[in-house]
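Asker: Each chain is listed here by its residues.
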Amino acid sequence: MPVAELQNVRKKYGAVTALHGIDLGIERGELLAVLGPNGAGKTTAVRILLGLTEQTSGRAAIFGHGPASHAAKLRRGAMLQVARVPETIRVREHIELFSSYYRAPLKFEQTIAAAGLGGVEKRLFGELSGGQKQRVLFALAICGNPDLLFLDEPTVGLDVEARRGMWKHIRGFVAGGGSVLLTTHYLDEADALADRIAVIDGGRIIAQGTPAEIKRLGTSPAGSGSGGLEDAFLSLIRQNGNSIEEVLQ
Amino acid sequence: MMRVYWLEARTEFLKLARMRSYSLSTILFPLMFYCFFGLAMAPHEGTTPMARYLIATYGAFAIMGSTLYAFGVGIAVERGLGWLEVKRSSPMPLGAYFLAKGAVAMAFGAIVILMLFAMGAVFGHVRMAPAQWLLTFGALVAGAIPFCVLGLTIGSLAGPNSAPATVNMIYMPMAFCGGLWIPFDFLPKAIQQAAPLLPSYHLAQIALAIQNAPVQGTVGGHAAALVAFGLIFLGTAWVAQSRGREKMYG
Numbered sequence: 000m001p002v003a004e005l006q007n008v009r010k011k012y013g014a015v016t017a018l019h020g021i022d023l024g025i026e027r028g029e030l031l032a033v034l035g036p037n038g039a040g041k042t043t044a045v046r047i048l049l050g051l052t053e054q055t056s057g058r059a060a061i062f063g064h065g066p067a068s069h070a071a072k073l074r075r076g077a078m079l080q081v082a083r084v085p086e087t088i089r090v091r092e093h094i095e096l097f098s099s100y101y102r103a104p105l106k107f108e109q110t111i112a113a114a115g116l117g118g119v120e121k122r123l124f125g126e127l128s129g130g131q132k133q134r135v136l137f138a139l140a141i142c143g144n145p146d147l148l149f150l151d152e153p154t155v156g157l158d159v160e161a162r163r164g165m166w167k168h169i170r171g172f173v174a175g176g177g178s179v180l181l182t183t184h185y186l187d188e189a190d191a192l193a194d195r196i197a198v199i200d201g202g203r204i205i206a207q208g209t210p211a212e213i214k215r216l217g218t219s220p221a222g223s224g225s226g227g228l229e230d231a232f233l234s235l236i237r238q239n240g241n242s243i244e245e246v247l248q
Numbered sequence: 000m001m002r003v004y005w006l007e008a009r010t011e012f013l014k015l016a017r018m019r020s021y022s023l024s025t026i027l028f029p030l031m032f033y034c035f036f037g038l039a040m041a042p043h044e045g046t047t048p049m050a051r052y053l054i055a056t057y058g059a060f061a062i063m064g065s066t067l068y069a070f071g072v073g074i075a076v077e078r079g080l081g082w083l084e085v086k087r088s089s090p091m092p093l094g095a096y097f098l099a100k101g102a103v104a105m106a107f108g109a110i111v112i113l114m115l116f117a118m119g120a121v122f123g124h125v126r127m128a129p130a131q132w133l134l135t136f137g138a139l140v141a142g143a144i145p146f147c148v149l150g151l152t153i154g155s156l157a158g159p160n161s162a163p164a165t166v167n168m169i170y171m172p173m174a175f176c177g178g179l180w181i182p183f184d185f186l187p188k189a190i191q192q193a194a195p196l197l198p199s200y201h202l203a204q205i206a207l208a209i210q211n212a213p214v215q216g217t218v219g220g221h222a223a224a225l226v227a228f229g230l231i232f233l234g235t236a237w238v239a240q241s242r243g244r245e246k247m248y249g
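Read top to bottom, the protein sequences are chains A and B.
Anchor point for the first sequence: position 94 equals 93 in numbering that gives the first Met the number 0, and the numbering is continuous, going up by one each time.
Anchor point for the second sequence: position 141 equals 140 in numbering that gives the first Met the number 0, and the numbering is continuous, going up by one each time.
Source of the hints: derived by calculation from the structure; they are not laboratory data.
Hints may contain errors.
No more than 20 Å apart at the CA atoms, straight line, and that leaves these computed lysine to aspartate or glutamate pairs for EDC-like [as the list claims (entries may be wrong)]:
id, chain 1, residue 1, chain 2, residue 2
1, B, K86, A, E92
2, A, K132, B, D184
3, B, K86, A, E152
4, B, K86, A, E86
So that you can see chain A by itself, here it is in the shape it has in the complex (with noise of 0.2 Å):
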């Protein structure tokens, strides 16, 4: 049985379509990302896992429990994007707070080293730099040792440096049996992390596999490219009929 999944899932904001029913499954122990366009769904997939809007039509489960339930809450852990943290406390208090609200959480010692920030835990989160914030955000979702993972852009904004850093601390939590849910704008992200695919545009998911599958899916007769990821994902979405210029929006 899929950890998290969607089982012919609609969802209408108003007149506009966001997800034309879509079907998606993660399996335990797996990275699934989730890569598509500006607009695709993906967030909107994401939101709906985690309980913080509502499917017009179809399933959503964690774990056989309602994305909103408390059961479902217990299980999972999220790093959302987020514009604003409040920025006037410390790390250790940020970490200790998450960690009450779940009822086997990690040791605060054990959460400081899963996100490697060992030497910060009394500073202020507004002295941070961007790549110690969202590792703070990432020690928030693992804080409570979940069994699943929701990874929206983890990594966006960040420097090279600081991206291979929060990989690392991602591959730590899929090696430690967890599952992952990862949605990226980066391909080589999901080139470098994932064990599945799936590409999404346009509300449906239009390709999924293994990422070894993916750019063989991707590769068009006419291709150009170099067989990488980018070129298969561009030629997906491309078939899928969206003009180039949309794409690299």
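Once you have looked at the hints, place chain B on chain A.
Answerer: Just chain B now, kept in the frame of chain A:
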């Protein structure tokens, strides 16, 4: 379970205490205004009803400020810039978030009221029976609740950048027209007639009744009005919050 509520409140307290924009406006505004209008302009001989009047109304001014800023600006920022979603997707009991905000905002207000009382007693020649001090304090702190809910409404409707201005535009006129800055009887007739539409007026009247100052209406009537305001604000906030959740996402 209790630990969550305690930590939530502790975190909220530390957050606000370290945030100068909050601590300064919450503490400084009422104390400064009290100095100008309550101390500098009041007569200096003996205990006057005026001195007692102003300690009550500036107390109401203080509690309004601490709650409106904590809720109005706090929630607008945390909601508008994504932090509330992080909290809502975690197993945090949602009640802990609002209770912590309420408890801490009232605690800040209570601290400022005590500072005001000290200033009033030392510099403003305010003399009251111990029971009156205590009752005034209790009534003002309890009266914070409808303003917490009003702050919640503002925080649910205002954007993160416009919230501080919105709060000021509601807070300051409401304080003036409710008779918190200068005694109610000195206000223009039109404002006096419109004042019962403001929760600030009713809170001030309750505090004044404890001082045995001349008041309009009964304490019960003013308390009922505050409850009614609280319920109206709560309904508005609830509608605004559930509407805000259905924004379009990609």
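Asker: Next step is simple, just say for each hint if it's right about the structure.
Answerer: Outcome of the hint check:
1. B:K86 <-> A:E92: 15 Å, holds
2. A:K132 <-> B:D184: With Cα atoms ~54 Å apart, A:K132 and B:D184 exceed 20 Å; violated.
3. B:K86 <-> A:E152: This hinted pair holds, its Cα atoms lying about 18 Å apart.
4. B:K86 <-> A:E86: Status holds; Cα separation ~15 Å.
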